[in-house]
Each structure stands twice: as structure tokens, then as C-alpha cells.
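S.K.: The chain contents come next:
Number of protein chains: 4
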Amino acid sequence: MIVVMGRDCSDEQIDEITKRIKEWGFDVNLSKGERKTVIGVIGQQKEEVKSSLEAFPYVEKVVSVSQPFKLVSRDFQQEDSIIDIGHTQIGGEELILMVGPCAVENEQILIDTAKVARETGCQLLRGGAYKPRSSPYSFQGLGEEGLKLLKNVKDKKGLSVISEVMDKEQVNLVKDYVDILQIGTRNMQNFNLLKAVGKQEKPVLLKRGMSSTIEEWLMAAEYIMAEGNFNVILCERGIRTFETATRNTLDLSAVPVVKSKSHLPVVVDPSHGVGKSEFVSSMSKAAVAAGADGLLIEVHPSPENAISDGPQSLTFDGLRKLVNELRELAPVVGKKF
Amino acid sequence: MIVVMGRDCSDEQIDEITKRIKEWGFDVNLSKGERKTVIGVIGQQKEEVKSSLEAFPYVEKVVSVSQPFKLVSRDFQQEDSIIDIGHTQIGGEELILMVGPCAVENEQILIDTAKVARETGCQLLRGGAYKPRSSPYSFQGLGEEGLKLLKNVKDKKGLSVISEVMDKEQVNLVKDYVDILQIGTRNMQNFNLLKAVGKQEKPVLLKRGMSSTIEEWLMAAEYIMAEGNFNVILCERGIRTFETATRNTLDLSAVPVVKSKSHLPVVVDPSHGVGKSEFVSSMSKAAVAAGADGLLIEVHPSPENAISDGPQSLTFDGLRKLVNELRELAPVVGKKF
Amino acid sequence: MIVVMGRDCSDEQIDEITKRIKEWGFDVNLSKGERKTVIGVIGQQKEEVKSSLEAFPYVEKVVSVSQPFKLVSRDFQQEDSIIDIGHTQIGGEELILMVGPCAVENEQILIDTAKVARETGCQLLRGGAYKPRSSPYSFQGLGEEGLKLLKNVKDKKGLSVISEVMDKEQVNLVKDYVDILQIGTRNMQNFNLLKAVGKQEKPVLLKRGMSSTIEEWLMAAEYIMAEGNFNVILCERGIRTFETATRNTLDLSAVPVVKSKSHLPVVVDPSHGVGKSEFVSSMSKAAVAAGADGLLIEVHPSPENAISDGPQSLTFDGLRKLVNELRELAPVVGKKF
Amino acid sequence: MIVVMGRDCSDEQIDEITKRIKEWGFDVNLSKGERKTVIGVIGQQKEEVKSSLEAFPYVEKVVSVSQPFKLVSRDFQQEDSIIDIGHTQIGGEELILMVGPCAVENEQILIDTAKVARETGCQLLRGGAYKPRSSPYSFQGLGEEGLKLLKNVKDKKGLSVISEVMDKEQVNLVKDYVDILQIGTRNMQNFNLLKAVGKQEKPVLLKRGMSSTIEEWLMAAEYIMAEGNFNVILCERGIRTFETATRNTLDLSAVPVVKSKSHLPVVVDPSHGVGKSEFVSSMSKAAVAAGADGLLIEVHPSPENAISDGPQSLTFDGLRKLVNELRELAPVVGKKF
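Residue numbers (our numbering), protein chains in the order written: chain A, 476 to 812; chain B, 476 to 812; chain C, 476 to 812; chain D, 476 to 812.
These aren't lab readings, by the way, just hints derived from the structure by calculation.
Certain hints may be false.
Put simply, identical chains are the same to the list, so a pair is met inside one copy or across any two.
[Said to hold, decoys possible] Capping the alpha-carbon separation at 27 Å, the derived lysine-lysine pairs in DSSO-like fashion look like this: (1) Lys-643 x Lys-623; (2) Lys-632 x Lys-810; (3) Lys-643 x Lys-507; (4) Lys-810 x Lys-736; (5) Lys-521 x Lys-650; (6) Lys-497 x Lys-643; (7) Lys-736 x Lys-632; (8) Lys-623 x Lys-670; (9) Lys-521 x Lys-536; (10) Lys-670 x Lys-643; (11) Lys-736 x Lys-751; (12) Lys-650 x Lys-670; (13) Lys-811 x Lys-632; (14) Lys-796 x Lys-810; (15) Lys-643 x Lys-674; (16) Lys-796 x Lys-736; (17) Lys-796 x Lys-811.
With these hints in hand, go ahead and build the complete structure from the sequences.
M.R.: Structure below.
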């Protein structure tokens with residue numbers, strides 16, 4: 476059973492509730508976040524307990540959930556979550572496009588990309604400052620310098636920005652520069668990092684682990700929500716299979732499956748999914764038709780010179796063409812753009 | 476190098492060409508089909524050979540192809556193949572829907588389904604008479620009786636029909652009843668069966684093996700075409716991965732990948748792809764948005780009573796709703812329905 | 476429930492039993508094989524039915540099995556199956572080595588290989604006469620000519636031989652030349668072929684499908700046994716995964732898993748499992764340590780000139796070295812060689 | 476090109492070398508570890524550069540390596556690495572067994588397990604104090620309290636101990652209690668954690684990511700070595716595939732593959748590989764026969780009461796039986812125990 480405390484509850488009120496739960500013979504799992512305090516009640520429970528807890532005025536919600544993921548579940552919240560991300564919202568009617576280079580390389584590229592993003596109506600700029608690279612000898616990202624460049628462009632161009640955080644120590648730094656913190660596929664089960672982003676307020680985009688089941692992915696989201704941050708966006712980015720014609724196998728069925736199990740928004744990253752720019756447009760349209768709330772797309776002014784992931788990046792013209800197609804497609808599947 | 480002979484060439488002309496190729500020091504791979512005769516020239520070739528062969532009046536085409544699949548390749552034929560299937564064509568502008576029960580169970584179900592198919596504008600009726608089942612103790616299909624039921628309904632309702640052939644001995648029988656022969660996922664590399672369907676005229680729908688790479692799938696299509704039957708339709712139906720939330724993982728990126736490598740039409744079977752009816756609509760729309768030429772969808776008047784694959788079958792109302800949505804979607808992605 | 480009839484029962488006796496079962500309200504699945512007649516009783520059964528059936532003198536055995544595979548199951552037969560294969564037996568104490576080239580290329584290679592096989596104590600010679608190749612333009616095997624070569628060498632050298640059958644039409648031909656019929660990985664779910672080899676007497680080596688679960692593999696064996704041929708040998712040969720350092724991923728845990736679920740012998744094909752000769756010895760030893768009853772190993776006098784699968788073939792010296800090591804290893808894990 | 480500096484080189488000497496390399500027009504990647512300083516020379520290099528660098532007296536070694544992994548490669552070091560781990564060494568002739576419960580639960584279990592470990596000749600005690608669990612509501616380990624219990628038992632019983640570190644902040648703490656730091660499968664590409672354990676002296680056991688290729692695994696080891704810690708032990712623990720009869724698919728072919736590409740020791744964890752105790756013995760023997768340097772085995776006094784991973788834990792009697800079998804097997808495959 477999960478008890479969500481009201482936003483303005485005091486520490487004394489939390490103590491009172493936990494004391495009472497323990498008196499009834501249950502164990503308690505307490506997570507005090509910046510935004511929400513969540514109390515897990517552990518042990519075999521009866522219906523009376525739920526009623527008793529609901530009677531407390533500063534308790535917002537009490538939910539029994541049979542699945543291993545609780546807060547993430549549609550049983551916990553029937554209606555779709557709609558999450559504020561900088562200048563816009565994700566999970567509602569609007570289709571959200573997050574575009575930009577794989578890595579922040581220099582200011583000019585960001586400015587040029589931001590211009591095209593504004594021109595085409597894309598709402599967010601993406602770019603990695605900390606880069607998880609399979610070789611220790613590869614470019615590891617510009618670090619804080621890259622975050623500053625992102626923030627500058629954000630301020631100048633009025634776009635929201637998203638960037639990856641690799642380590643729990645980076646959380647406090649990165650969250651001051653960006654609108655969404657991204658957890659990469661390799662860190663989907665870095666549980667201490669999940670707890671760290673769960674303890675702060677900024678929305679978190681959680682990429683699916685490249686060999687994670689949908690259930691494991693939802694459990695990873697649960698780690699974040701259990702710490703009190705309910706602003707989680709899920710991102711399908713392709714899973715690892717035997718097929719080599721594409722970089723990964725984009726599992727678009729994850730979109731309707733997640734929508735049926737959870738209230739959280741889902742976006743799709745077709746760039747990592749297929750790994751080749753020529754297939755990105757088709758899969759972007761397919762993702763939107765499957766019900767995705769947004770797309771995360773790699774775009775670069777000259778993909779052939781990109782420091783990383785050039786082969787899967789759209790050119791500016793490629794992006795313009797895709798956006799035109801999405802503008803026609805979105806209303807047919809119930810989205811605005 | 477591949478030499479395609481003109482349709483009306485005589486045996487003497489074929490002999491003359493093969494004799495000449497051998498004189499030049501090459502090996503020959505000869506396939507005489509009902510519709511086309513194809514001569515493979517094996518060995519390291521120079522450009523002159525190509526010119527010499529093209530000079531023969533009864534040679535239709537000579538193509539050098541660097542990829543392992545030749546006749547299947549876009550290098551062999553630039554424009555999309557458009558294939559006649561009963562009352563309609565596949566691979567052109569029209570979106571093709573093939574609907575019906577997994578197995579032919581009885582005539583009433585076929586008649587009822589055919590009625591809904593006509594009403595909604597679906598062009599083909601599907602239904603298995605020979606069923607590959609993982610247990611020897613499960614229902615193995617009605618056999619020829621099932622084919623007769625299909626043919627009856629076809630004649631009454633004016634729909635084309637498609638059914639599976641499991642064995643090279645069944646080919647001659649099945650082709651007299653249906654408009655398209657289906658090769659199932661378990662038989663994608665049953666090479667003798669591929670040769671057998673390549674030796675006759677009826678179009679063949681070739682399902683991707685559940686753990687086949689796209690290249691292996693195209694090589695399987697090559698087996699059919701190398702025997703002279705160029706009417707091959709590819710069907711993506713999900714691949715085997717670690718994910719268990721869906722029956723298979725529908726690899727929609729296979730659609731644009733195949734379209735870039737081959738001129739053959741591609742359809743998608745979302746029913747086997749996801750295995751749960753509640754996700755079939757989303758994935759049908761995604762497939763069409765990805766560029767599929769058609770869909771193969773399991774439909775049953777009462778899925779809960781279906782002998783096989785009930786959980787993944789749409790009801791009639793489910794089909795009506797989906798068709799309405801596809802009718803809006805198709806024109807946005809360049810298809811008519 | 477499964478009823479196995481005594482070897483000498485008459486058709487009348489079979490009719491009597493099936494009639495009785497139907498009178499009790501059950502469906503019947505009847506398989507008359509050359510060696511055994513097996514009657515499946517379909518429907519919800521009570522313990523009395525079993526007793527009644529056991530009372531018939533010409534009924535050998537009646538078994539209730541809860542798993543989807545019945546005859547294959549350890550519940551059906553507690554003790555290990557030991558199968559006669561030409562000059563020896565498999566599934567007992569003796570470790571069985573089946574060695575030879577991937578494809579039968581010519582007589583000399585077979586003779587030379589047979590000599591080394593005899594010298595080292597290997598019991599069987601392997602070689603493909605019908606070859607399933609992913610390209611229609613590749614060497615497809617010598618066909619019956621290859622079988623004759625195998626038979627010749629067998630007669631001269633006193634080795635048993637094993638060769639693949641790809642098609643149900645080939646069964647009658649191939650079984651006259653060889654001691655074991657091999658079903659390849661691509662045909663593991665070619666159900667009509669399974670039924671055909673189930674209807675004859677020769678032992679069948681059933682390779683695991685490259686993406687088959689162990690349960691599907693045992694169900695495929697059930698298809699053979701349900702037709703009356705109980706002489707089935709299972710062969711693990713690697714499954715398809717994302718790893719590319721080896722041709723397949725050899726799943727040695729399949730050996731103890733199968734041994735716990737089934738009474739059938741299990742052999743391992745490390746050559747296809749790893750695809751590189753340098754790793755074949757290590758994996759051969761590992762297979763024997765895991766409990767395999769035998770090994771199927773590709774050996775070629777000059778692997779660099781082999782028509783197919785050269786890179787994974789041991790040289791004669793490689794085989795000699797491996798056999799010496801296995802001779803030491805076998806007794807430590809309860810096998811004789 | 477990789478330059479390894481002598482152990483006693485001064486900061487001035489390092490500066491001199493890097494300055495010289497830069498003068499020649501190359502980029503430098505400098506890693507100063509506690510034990511070794513490694514300088515990566517980045518850019519297209521000629522043979523003269525190597526000779527010039529080798530001429531410096533305080534340079535230990537200069538190696539050109541064509542593979543993406545450098546220090547890890549057999550090209551970098553021909554002979555097997557032998558690594559000191561507490562009271563013994565790994566990678567040499569001795570077979571190393573690391574046994575114990577999945578999680579440290581209480582002192583009594585550790586003491587009892589240590590007793591059996593000593594009695595049977597196992598060299599290390601394992602036990603997790605920090606546990607990565609897929610649910611935030613599951614037992615997360617005893618933390619430092621668990622490390623203290625491990626250390627106590629180590630001091631009393633004279634065994635070495637190994638435990639997992641999940642986070643770079645834990646590294647300094649954990650290394651004071653244990654002989655080997657373990658990196659779990661979910662953290663194989665937690666690059667900041669890899670760098671952190673690379674900067675300290677204690678040996679590191681690096682589990683293969685559950686969906687990592689062998690090359691990615693070796694690149695992860697390269698991250699550790701590039702920071703100067705050359706004491707890396709690789710651990711195969713099963714990869715994720717479609718098979719569900721076992722928890723993972725233990726990829727024993729990884730053992731000979733890694734041995735051919737790298738000089739690092741390799742151990743195998745059959746407990747996670749198969750996930751069921753009944754198959755652990757077979758796979759332990761198979762691992763040793765494949766060439767593993769050691770085994771990591773879960774053992775628990777009463778598996779049915781274990782807080783985590785009970786179903787895959789051996790009982791004490793199971794361990795005794797297995798050790799007896801390994802004692803016979805080891806000498807046959809060139810190991811001592």
C-alpha cells in the first residue's frame with residue numbers, strides 16, 4: 476500500500492502517520508522528496524487500514540497496487556500524467572519534439588540548431604555535455620562548459636533544454652542548467668543515480684535500458700517516483716537483438732504497452748533506435764502513429780563532421796521535411812503540433 | 476551476374492545462351508520457372524560479358540549485383556514491384572488489408588468475416604487450413620476441407636484469399652484454391668518449399684523467420700525468385716527477443732530497411748507481432764506510417780472461442796474502428812484506401 | 476494421458492482400445508508407427524480410466540503427464556534412453572564422437588577422415604549430402620551421390636554414418652544409406668518432416684532450432700515420438716543472440732536442463748556453436764563436463780579448402796589432440812571413451 | 476600507442492614525456508593511478524615514435540595495439556596476468572573458488588559459510604553489502620554494517636573477501652574492508668564508477684553486462700586499466716536471451732574467446748548464469764573444463780530462507796559434493812586445487 480502525503484504536510488504529521496502504521500504491525504518505507512513524501516506500507520494489509528489512513532486530513536491519497544510497480548501504475552493514477560517541461564508540457568495533446576546534436580561540441584552548432592528548432596516549432600534543444608562512451612579514449616563531452624553553452628542558447632532562443640546526467644554527483648550541477656535531466660540507457664539500473672534524481676524537482680527522462688524488459692523499465696521509474704519526484708518521462712530507444720541492419724531494434728510496441736500499464740508520458744528516440752539517418756523519418760512517423768507523446772531526434776548541421784553519432788543525425792533540411800510530415804500526421808492520431 | 480530471359484524464349488535459345496556462357500569459362504545456375512527463366516552466371520566477370528549477353532534479342536535483362544541477394548535487390552530493379560493478387564494489386568498506391576481468423580474453423584465464421592471485410596473495404600480474406608502447431612496434440616487444421624470453404628466464400632463474396640502452405644507436396648493443391656500462398660515463419664528457410672513455390676505462378680507471401688536477419692529473409696525471397704516466380708510479398712511479423720510483455724517484438728524498422736534494399740512489397744502482421752488484441756490497432760497504424768503496403772490482421776467473430784490465437788484477434792467492431800482510423804491515416808502517408 | 480501399445484498388438488486390439496476410450500467420452504489421437512503405436516487420450520481424465528486401460532494385456536504402459544511434452548518427459552520414462560546407432564549405442568556410459576566434413580565433397584576426403592576417425596576411436600562419420608544453404612547460388616550438396624559415398628566408406632571402414640534429411644520426400648531415400656537421420660536447425664519446426672521421420676525406424680538426431688526455447692525443442696521431439704519412433708537424440712548447436720564474437724551462443728546449460736526434463740540423450744555440436752576452430756576444443760571439453768552424451772564435430776583434412784564451414788573445422792591433428800584430452804576427461808565425469 | 480611508465484617515475488618525468496609527445500604533434504591521454512601511470516598517444520603514429528619513447532629510461536613499455544582495447548589486449552601483454560587477491564593469486568595454476576550468500580544477512584550465516592569454505596578449500600568468501608535490486612521496496616543490503624561483518628569473518632577465518640561496490644562514492648569505504656571490489660552486471664558501463672575503481676589499488680572483479688558483447692566488456696576493463704589499476708578479473712555471469720528455462724544464458728564460449736583476446740583472468744558465476752541450484756554443479760564443471768580460472772558460487776546454509784537468490788544457492792552439502800568433483804576435474808584441465 477502506498478500513502479502519498481499532501482504537499483504541505485509537516486514533519487510532525489509524517490512522523491505521526493509512520494508511527495501509527497508501525498503500531499499496526501507494518502514496516503514502513505519512507506521517501507521524503509522535494510515535492511512529495513511517499514510512505515510505503517509493507518506487509519499483508521486489510522481494507523480497514525486503507526480507510527483509517529485516508530481519514531487523516533493531510534494524507535492526499537492511499538492506493539493498493541498489486542503490481543510490482545506502484546506509483547508508476549495506471550491503478551495508482553487513472554488519468555495521463557502531464558508534466559511541465561520549461562516552456563511547454565509533455566503527456567497532453569501537444570506533440571513534443573526534442574532536437575539537437577548528440578554531444579554539445581561548440582556554441583555555433585547549438586545556435587544554428589536552435590534557430591532551426593524555433594523555425595520548425597520544435598520545443599526542446601537536446602545535447603550531451605557528459606557522454607558515456609564505450610572507449611575511455613573517445614571524446615567524453617565538454618562537461619560543465621557544455622552545460623553553460625546549452626543554458627546560453629536556451630536564454631537567447633527561448634527553447635527548453637535537456638541533457639544527460641551520468642552520476643549522482645552531477646545531479647545538483649546539471650539540474651541548474653537544464654529543464655529535463657536525461658538518464659541514459661546504460662544507467663537505467665544505476666539505482667543510486669535514480670534515487671538522486673528522485674530527490675530533486677526537475678523532470679527526468681528515463682531511457683529504456685538496451686536490454687531491459689518493459690517491467691524492469693517501469694521499476695526503474697518507480698525508484699525515481701518512490702523518492703518523491705513524480706515528473707518522469709519514459710523514452711523508448713531501441714533494444715538489443717540479433718539484427719544488425721539497424722543499430723538497435725526500435726520496440727514501438729512498448730508505446731501502447733506502457734500506456735496501458737502506466738500513466739507516465741512516453742517519447743521515442745528513433746535516432747538511436749535505427750542508427751541510420753535514412754530510416755529516422757519513417758520511424759518517427761511510426762512512433763507518433765503508435766501513440767508516442769514526443770520524439771527525441773539527433774540533428775546536426777553537418778552530420779559527416781559530428782564528433783559522435785553522425786550517421787544517425789538528420790540534417791537541418793531533413794528535420795524541416797520531417798516536421799512538415801508530422802504536422803499533417805499528428806492531428807490524425809489525436810495530437811496537436 | 477543475372478540474366479533474365481524474355482518471356483517467350485524457347486528452350487533452344489536458353490540452351491544457346493548457357494552454352495555460350497560456359498564457353499566463356501563460367502558456371503551456370505539455370506532456373507526455368509513458369510513465368511521467367513533466370514540464368515545465374517557464376518565466376519569473376521568483366522563488363523564485356525554483360526554487353527555480349529545483352530546483345531541477344533531474347534535476353535530481357537542482364538544485371539550485375541554486388542549484394543548476396545540479386546533478383547530481390549533494388550539494384551536489379553529500381554521501381555517498386557506491383558503484384559496482382561486476385562481482385563487487386565499490392566505494392567502500389569493502395570493499402571491492402573488481409574483479414575480473417577487464424578485457422579479456418581467452419582463456414583459460418585468465414586462467411587461472417589467476409590461480410591465484415593466487404594463492408595469495411597478489406598480486400599483479402601485470410602485463414603489457415605494447414606496449421607503448424609508447436610504441439611502434435613493440438614488442432615492441425617482442416618486441410619483440403621478448409622481450402623474448399625475458403626474458395627466457396629471467395630466465390631460468393633468476391634474477396635481474394637490467402638492461406639498457408641507448409642510442405643512442398645501441398646503446393647499444387649493449395650495454389651488451386653487461393654490467390655496468395657503464404658509461407659509461415661517456421662518455414663522461411665525450408666529451402667525445398669521455397670523452390671517449390673518458386674516454380675509455380677501464384678504470388679507468395681513470405682513471412683520473416685522469427686529469428687531471421689533481414690538479409691536472411693531477402694535471401695529466402697531470392698530462392699523463390701531464382702526459380703522464376705517474381706511475385707513475392709514480404710511480411711514482417713515480429714522477431715524473438717528477451718521481452719515477454721508482447722508475444723514477439725514487431726520490428727517495424729524492417730519496413731524502411733527492406734524498402735531501401737529491395738523493390739518487393741512489404742506488409743506487416745501486427746497480430747502475431749504483439750500477440751494481444753488491445754495493442755493491434757496502435758501497431759497497425761504505426762506499420763502504415765512506417766511505409767507498409769498492407770496489413771495481415773487476425774479477426775474473429777468471438778475471439779474468446781477461437782481455436783487458436785484468440786487473444787490476438789480483433790472483434791468485428793475492433794476491425795471497423797481500426798479501418799476508420801486507417802482511412803484517415805493512409806492519405807497522410809501517401810496511400811489510398 | 477498416453478497409452479503405449481505392446482509391440483505385437485494387432486490392429487483389432489488397437490481398434491478395441493480406441494473404441495473403448497471414445498465410449499468413455501474422450502477424443503483419441505492415434506499414431507501407428509513402425510515400432511510403436513501410441514494413443515493419446517484427450518480430455519479431462521480420472522484415475523479410474525488409467526487403471527482400466529492398464530488392465531488390457533496388450534497395453535504396455537499408460538502415463539499421465541502434466542507437461543506439454545509427454546513421451547519425451549522424464550515423467551513418462553524415469554531411466555535414460557539408450558539408443559542403438561549402427562555399431563554402438565548413445566545415451567549410456569560411452570561418450571560418442573561424430574566427426575567429419577560439413578558437406579560430402581568427394582570420396583577421398585571421406586576415406587581420409589574415416590581413417591583418422593578409426594584411429595582415434597570416434598564412432599561415427601558425419602557429412603551432408605543435402606545442404607541447406609542461405610543462398611540459392613551456393614553449393615547445395617551432392618545429393619544421392621553423396622549418400623553413396625558415405626555408404627561406401629561406412630562399409631569399408633566399419634563406422635556408422637549420419638547425414639541430414641531436409642524434406643519428407645528424402646526420408647525414404649536417406650534412411651537406406653545412413654544410421655542416423657539428422658534434422659537441421661532450420662527444420663526443427665518443419666512439422667511434416669518430423670512426422671515423416673517419426674513414421675520410420677532409424678534413429679533421428681534433432682538439432683535445436685537456432686532460436687527455439689528448450690520447451691519448443693522438446694515439443695518437436697514429441698512430434699517424432701508421437702508417430703512411434705522413440706529413437707530421438709537431441710543436439711544443442713548454439714542459439715542466436717546479440718553476441719558476434721562467436722557464430723552462435725552455445726547454450727551448454729541446455730544439457731543439464733534437458734537431462735532433468737527428459738530421458739533422451741543429448742549431444743553437442745561445438746563447431747556450429749562457436750564457428751571458429753580455435754574455440755572448438757575448449758567447448759568440446761566443457762560440453763562433456765556439462766554431461767553431454769556425445770559430440771558432433773566438423774573435421775576436414777584442409778579446412779582452408781573446405782566448400783563450407785572451413786573456419787570452424789578441426790584439422791586431423793586438431794582432432795587427435797582433442798580426443799587425447801577427452802580420453803582423460805571422460806572418466807572424471809562418468810563416461811567411458 | 477600506449478606508454479606505460481615505470482613504477483617509480485616522478486611527476487617531472489611524466490611531464491617531460493607528455494611534453495615531448497605533444498611536440499611531435501600528438502594528443503595525450505594521461506592516467507595517473509596509484510600503481511601505474513599510463514599515457515595514451517593519440518593520432519597517426521610512425522615506428523620511430525615508438526623507438527624514441529622506448530629510449531627513455533623510466534618508460535617501462537610502449538605498445539602499438541590495433542584493437543579498440545589496448546591495455547587489456549594480448550598484444551599488449553603476451554603472458555597471462557596473475558593477480559594477488561588476499562591470501563592467494565588468480566590467473567595462475569590454482570583454481571579459485573569464491574563462495575557465499577548473495578547478500579550479507581547476519582554474522583552467523585557468514586561464520587557458518589566461512590567454516591565450510593575453509594573445510595572444502597575455497598579461497599574466498601563472497602557476500603553483498605550493497606545490493607542492486609530491481610524494486611525500490613526490496614531489501615537493499617546492510618551497507619557498511621555488512622562490510623564490517625565480512626571483515627570480522629575474514630580476520631577470524633583467514634579467508635579473503637569480495638563484495639560489490641555500486642557507486643563511486645562507496646569505493647573508498649568498501650576497499651578498506653575487502654580484498655576484491657566487485658562491479659555488478661548493471662554497472663558494467665557505469666563509466667564513472669569504472670574510473671573510480673581504476674584510480675585505487677584493490678583488484679576489481681568486473682562482471683559482464685547482461686547484454687554486453689565481449690568487446691564492450693573488454694572496453695569496460697580498459698576503462699579501469701587506463702586509470703592505472705591493472706588488477707582486473709573478468710567474470711562471465713550469463714547473458715540475456717529469449718530462453719526462459721534458465722535465468723540467463725551462461726555464455727561459456729566467452730571463456731576461450733576472452734583468453735585469446737586478453738591476458739586477464741576470467742572466472743564464471745554459474746549461479747546467476749542458470750538461476751537454479753540443480754544446474755549449478757554441471758555448469759561449474761563445464762566452466763572449469765572451458766578454461767575458467769575460478770568460480771563465483773552462491774552458497775547458503777538454508778537457501779529456502781535466503782533473503783535473495785535462494786533458488787540458485789547451493790546448500791553446504793551441495794558445495795562439498797561439487798568441490799569433490801572439481802578436485803578430480805581440475806588436474807585434467809591443467810589446474811590445481
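S.K.: Taking the hints in turn, state whether each one holds.
M.R.: Hint by hint, here is what the structure shows:
1. Lys-643 x Lys-623: Close inside one copy (19 Å) and across copies (25 Å); limit 27 Å.
2. Lys-632 x Lys-810: within (25 Å within a copy, 38 Å between copies)
3. Lys-643 x Lys-507: Both, since 17 Å and 24 Å are each at most 27 Å.
4. Lys-810 x Lys-736: within (21 Å within a copy, 32 Å between copies)
5. Lys-521 x Lys-650: Cα proximity of Lys-521 and Lys-650: none, with 41 Å in one copy and 45 Å across.
6. Lys-497 x Lys-643: Cα proximity of Lys-497 and Lys-643: none, with 31 Å in one copy and 34 Å across.
7. Lys-736 x Lys-632: neither (37 Å within a copy, 41 Å between copies)
8. Lys-623 x Lys-670: The answer is both: 25 Å in one copy and 25 Å across copies each meet 27 Å.
9. Lys-521 x Lys-536: within (16 Å within a copy, 51 Å between copies)
10. Lys-670 x Lys-643: both (8 Å within a copy, 15 Å between copies)
11. Lys-736 x Lys-751: between (31 Å within a copy, 14 Å between copies)
12. Lys-650 x Lys-670: Close inside one copy (14 Å) and across copies (23 Å); limit 27 Å.
13. Lys-811 x Lys-632: This pair counts as within: shortest intra-copy Cα distance 22 Å, inter-copy 41 Å.
14. Lys-796 x Lys-810: both (19 Å within a copy, 18 Å between copies)
15. Lys-643 x Lys-674: Both: 11 Å inside a copy, 19 Å across copies.
16. Lys-796 x Lys-736: between (34 Å within a copy, 22 Å between copies)
17. Lys-796 x Lys-811: both (17 Å within a copy, 21 Å between copies)
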